[in-house]
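*Asks:* Here is how the chains run, residue by residue.
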Amino acid sequence: MNAPILMAVHVAFGLLGILAALVIFVDLLNLNSSNVKRIKLLSWVVLLGVFLSYVSGGYWYVVHYATDKAIIKAGAWPWAHNLVMEVKEHTFFILLVLSGILALILSQLKAVEDFKYLRLAKCTSAFVVILGLMMEATGAVIALGVRMGL
Amino acid sequence: MNRIIQSAVWSFFVVCILNGILVIVKESYGPLKTSMAELTGHHWVTHGVIIIALQLLLTFALAGRFKHAELNDEFLSKMLTSGVVLGVVLITGFYIIH
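Residue numbers (our numbering), protein chains in the order written: chain A, 1 to 150; chain B, 1001 to 1098.
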């Protein structure tokens, strides 16, 4: 698969995970018996989206990033790699683990009144959204870093 | 299953800190980064494998410790939040200084 398509796949799966986590967060604010099924289903969409974003982004990073890295480091925004990319690639692991924990927590959501981890589920889904948006924003900065080096 | 959730959140907190420490150590000590790269072909791939394996191992290893303890929702939320904040601050802080 060529690099731009791989990058688009990485971003698209990431967005899917973020949007699903956002819907979960909003649904949890208004938790009732009618949205339990959707919340549980979307927790797996979050995990799948983030995991596939990790795999596709990771493959792109390992196979194709070296060329972009050289351009960024020789360009006007070397910090787009030295700071932004380094932070992005290592904080992604936190997002990946969080999306697994979210699915684990929500697997325990059966009846609204018996659910013991509402606050934890809200926190986890909120952090998936925040870190996911951070990944999207840092990705944009890295792409700009390449353009600044051309 | 409650034990697994409590254990997973505890492990997450520990793994976030270990993730930050591993970043600092591998970037500060070249031979470690080289060894990590040799293991899987890229240091980042090895780093990811270590983090995922640690999270899984710690979750199952610590689950037994929560047989009698019952950590409440608020405590677990604070622990998860602390893990995310500490993990992000450790990594970002290091690369700002580095």
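Everything labelled a hint here was simulated from the structure, so no lab data went into it. Errors might be hidden in some of the hints.
What the hints assert, rightly or not - In silico SDA-like pairs for lysine to any residue, Cα to Cα no more than 20 Å straight-line:
1. B:K1033 to A:L83
2. A:K122 to B:H1098
3. A:K122 to A:A140
4. A:K122 to B:K1033
5. A:K122 to B:E1074
6. A:K40 to B:I1004
7. B:K1033 to A:S107
8. A:K122 to B:K1078
9. A:K116 to B:E1074
10. A:K73 to B:L1071
11. B:K1033 to A:Y65
12. A:K116 to B:K1033
13. A:K116 to B:H1098
*Asks:* Could you run down the list of hints and mark each one as holding or not?
*Replies:* Against the structure, the hints come out as follows:
no., hint, verdict
1, B:K1033 to A:L83, "holds, 18 Å"
2, A:K122 to B:H1098, "violated, 34 Å"
3, A:K122 to A:A140, "violated, 27 Å"
4, A:K122 to B:K1033, "violated, 37 Å"
5, A:K122 to B:E1074, "holds, 11 Å"
6, A:K40 to B:I1004, "holds, 18 Å"
7, B:K1033 to A:S107, "violated, 37 Å"
8, A:K122 to B:K1078, "holds, 12 Å"
9, A:K116 to B:E1074, "holds, 10 Å"
10, A:K73 to B:L1071, "violated, 47 Å"
11, B:K1033 to A:Y65, "holds, 18 Å"
12, A:K116 to B:K1033, "violated, 42 Å"
13, A:K116 to B:H1098, "violated, 42 Å"
Hints 2, 3, 4, 7, 10, 12 and 13 from the earlier list are contradicted by this structure; the remaining hints agree with it.
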